[in-house]
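Undergrad: So the sequence lines, in the order shown, correspond to chains B and G. The letter at position 74 of the first sequence is residue 73 when you use numbering that gives the first Met the number 0, and the numbering goes up by one with no holes. The letter at position 273 of the second sequence is residue 272 when you use numbering that gives the first Met the number 0, and the numbering goes up by one with no holes.
Don't take each hint at face value.
[Said to hold, decoys possible] Lysine to aspartate or glutamate pairs mimicking DMTMM-like chemistry, simulated, CA-CA at most 25 Å apart:
hint	chain 1	residue 1	chain 2	residue 2
1	G	K80	B	E278
2	G	K341	B	E178
3	G	K79	B	E283
Think of the hints as simulated: they come from the structure by calculation, not from any bench.
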Amino acid sequence: METVTEETQTKATISNTSVLEINALESEAIYIFREVVAQFENPVLLFSGGKDSITLVRLAQKAFFPAKIPFPLMHIDTGHNFPETIAFRDKLVKELGVELIVRNVQDSINEGKVVEETGKYASRNMLQTTTLLDAIEEFKFDACIGGARRDEEKARAKERIFSVRDDFGQWDEKNQRPELFDLLNGEIELGQNVRVFPISNWTELDVWSYIEKERIEIPSIYFAHQRNIFVRDGLIWSADDEVVFRAEDELVEEKTVRFRTVGDMSCTAAVLSTADTIEKVVSEIRDSKISERGARIDDKRSEAAMEKRKQQGYF
Amino acid sequence: MEVLKIATAGSVDDGKSTLIGRLLYDTKSLTDDKVEAIRKSSEQRGYDYLDFSFATDGLVAEREQGITIDVAHIYFSTLKKSYIIADTPGHVEYTRNMVTGASTSQVAIILIDARKGVIEQTYRHFFINNLLRVKDIIVAVNKMDLVDYSEEVFNDIKSDFEALNAVSTYAEQQLTYIPVSALKGDNIVEKTDAMPWYDGDTILGHLEQLEVSDVQDGGQTRFAVQNVIRPKTEEYHDFRGFAGKIKGGKLKVGDKITVLPSLTQSKVKEIYFFDKTYQEAAAGSSVVITLEDEINITRGDMLVKSDELPKIEKQIEATVCWMDNKQLQPGAKYLIQHNTNKVLSKIDGVKHVISTQYGSHQDANNKLALNEIGSVSIKLSKPIFYDSYQDNKANGSFILIDPQTNATAGVGFID
Ligand SMILES: Nc1nc2c(ncn2[C@@H]2O[C@H](COP(=O)(O)OP(=O)(O)O)[C@@H](O)[C@H]2O)c(=O)[nH]1
Ligand SMILES: [Mg+2]
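I would like the entire structure built from these sequences, with the hints used as guidance.
TA: Set out below in structure tokens:
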């Protein structure tokens, strides 16, 4: 698979077709990135190492080529990431020559700002919010670019492209600015910031098809591999990683699986799959009968889970 | 793949959310876990059918009250096209959401309850889609199951609606009438046996055969500069590119262009898209352009073809839809965001409020309240380069930002 190398980064070539073919979603995302850089002083791209944020990075490259991406990437590290994701992240930023900021949830726990959850469904997903808000304040970021999509979840379907958050990072879902045409209003007060979602209008399948078409490299855990797993509540959990709680009576077996999202290990379930190439993943998603978030336990807690987390400043 | 954006309009309970849920379900776009969630929610409320409105109503308050509060965007695709539907609430007070939905859509579905027929609010729904020049309108006469699938009821509603259309100012607007039952799934995706007298398309059938290029707005080429790209690397030491999105027509290498506001002339040297250069790019492309000559250009400037100059004025007349609790009044100052330009402006006067009754005017009292639409004169602190909304949507529309609250207080369509 082709990676983003120095050559593709810096030297333009003449296309062999003379008329540019339009991809409406890609064009819209590039437009949004450019508005962010024009309208804000201190933007940052929130990078999780997942496919959506990797796609964002490619779009950001496209938006500003031949210049470098004009803002840093920031990873809010739960400490529960798949090791493959971290290795991938470090390689990518090195190739791009962009700045990477890492802030750790573990530090927020050590400082006593948040308390680690315990038990069967313990996860650090919720705790990320505090670390994120602290980092926004520390660096005085006025725009945080994220890879959320409206098709992911019902509360997200109501999200704006420029979503204003107050000093406490809160989302006021009933008082959002209308977004007309492609006119994005980035006017904010001191202390406020905007969450920006350039791929709002993409579906999971759009993202995967784009990764296929662009030959974008993604972490290996997205592809089918052998893994020790156990099954709980009908979901498949990794048994190789200590952070995933497993009761003694939950049996470990080896299966061929892959991950559809790569969030916090403790709340990201795998799916049985033999899709070991990007082509196979795309056709698997096309035929899929379970939504992507169906494999994330944090959304299963309650029907209103996402809305509540967003009000508190979660992405 | 082609993307088609659709807005819905209809009064509360006409069945918008149900229709969208039905489209998703019948195109097999709802995954098993989502159908299961809908089944559960329907059972909890004691329904003996699947209430598809649960597929779209996302906020807690919406589910509790069984209504849609905010615009939701719903996605589905067929082998032919990707669809994005805006589910917009139908209450009178939510005009702003309907205008918002229509502003990004090429197609509108206006729902009418077959039992109620064309009502006061239908005028408003049609008027907004007419004002915003949404090219293709589907009039879906819903709940046909509750009127015995009567052809007569359908025809009466159709001729009432045609009466509205007679005073339309947008001749190219395409109207298609379809009798449906969103609840039962008649004529949504599947053709029904219940209405043998109807031989037209289903809703999806109609959407599938639409050419996206036919419903897109054209016009002259406008390129508003978003950013100046200066890499300052070895390979691109003297590179100066202008990033923006082409609107209206297309751009070719060698095109003679004029830069606004300086009126300097030059030619297109290269068209970049990422790491490749092209001879030609069409409307909708986000590209980087270089010019033959060294010209000082910044964000907010606009490149146009030299024989297609827009109007350049410090005073504009526009139809404004007001979206803020604080009324629009003469003398008030707002920031106008027009393309990539932000200009301070002052309201000169509000000439009249446009009534929900099609075509008639109402006394304005020189003010516009929330959700009112009116004719407004605006004075600008410096000129903008614009077209009438009729000639070029992107270059004929703007938003008004309240400099005190930063709220998007209104949207305007230039005469
Ligand atoms: N009988 C019948 N009921 C319908 C039909 N479409 C919608 N409904 C019902 O009308 C009510 C309002 O529907 P909903 O989709 O929430 O309307 P909205 O406010 O326009 O989104 C619900 O109880 C639906 O079940 C239809 O075609 N036939
Ligand atoms: Mg509804």
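Undergrad: If a hint holds in the structure, say so; if it does not, say that too.
TA: A quick look at each hint next to the structure:
no.: 1; hint: G:K80 with B:E278; verdict: holds, 20 Å
no.: 2; hint: G:K341 with B:E178; verdict: holds, 16 Å
no.: 3; hint: G:K79 with B:E283; verdict: holds, 19 Å
Against the hints set out earlier in the document, no violation occurs for any number.
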